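> Sequence:
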Amino acid sequence: AGGIATPADASLMMQMGMDGIFVGSGIFKSSDPPTMADAIVMATAHYDEPSKVAEAMAMMEGIPMKGDELETLEVRLDQRGW
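Under the numbering used here, the residues of the sequence shown are numbered 21 to 102, in order.
I should point out that these hints are in silico values taken from the structure, not numbers from a laboratory. Treat the hints with care, as some may be off.
Pairwise CB distance ranges (calculated) [to be verified]: (1) Met36 x Val61: 26 to 32 Å; (2) Asp39 x Glu91: 23 to 29 Å; (3) Val95 x Lys49: 29 to 35 Å; (4) Val95 x Gly44: 18 to 24 Å; (5) Glu81 x Ser45: 28 to 34 Å; (6) Leu90 x Val61: 28 to 34 Å; (7) Met38 x Glu81: 23 to 29 Å; (8) Glu81 x Gly44: 17 to 23 Å; (9) Leu90 x Pro53: 22 to 28 Å.
Just so you know, these numbers come straight off a predicted model, no measurement behind them. We put the CB at the ideal spot given by N, CA and C, even for glycine.
The whole structure should be built from the sequences, with the hints applied where relevant.
The structure is reproduced here in structure tokens:
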């Protein structure tokens, strides 16, 4: 669906002037939710410090939420609903 899935995403939103961010499955469906949450919080708090954002990105190496291949979906998003 799209949204905040990485610390860099969180940092970018803050740089664009948001006063906060909302995360969900990007954290909870990762292989290590506590580390992913810590990394996103760090990047949000230090969004204007590239070295801290890079450190936050390094914390989550190899743990992002797994996506779905379009070909494996039974019903595509554009075909759902009424």
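> With reference to the structure, classify each hint as holding or not holding.
Results of checking the hints against the structure:
no., hint, in the structure
1, Met36 x Val61: 26 to 32 Å, "violated, 18 Å"
2, Asp39 x Glu91: 23 to 29 Å, "violated, 39 Å"
3, Val95 x Lys49: 29 to 35 Å, "violated, 20 Å"
4, Val95 x Gly44: 18 to 24 Å, "holds, 21 Å"
5, Glu81 x Ser45: 28 to 34 Å, "violated, 19 Å"
6, Leu90 x Val61: 28 to 34 Å, "holds, 31 Å"
7, Met38 x Glu81: 23 to 29 Å, "holds, 25 Å"
8, Glu81 x Gly44: 17 to 23 Å, "holds, 21 Å"
9, Leu90 x Pro53: 22 to 28 Å, "holds, 26 Å"
Violated hints, in rising order: 1, 2, 3, 5; the structure is consistent with all others.
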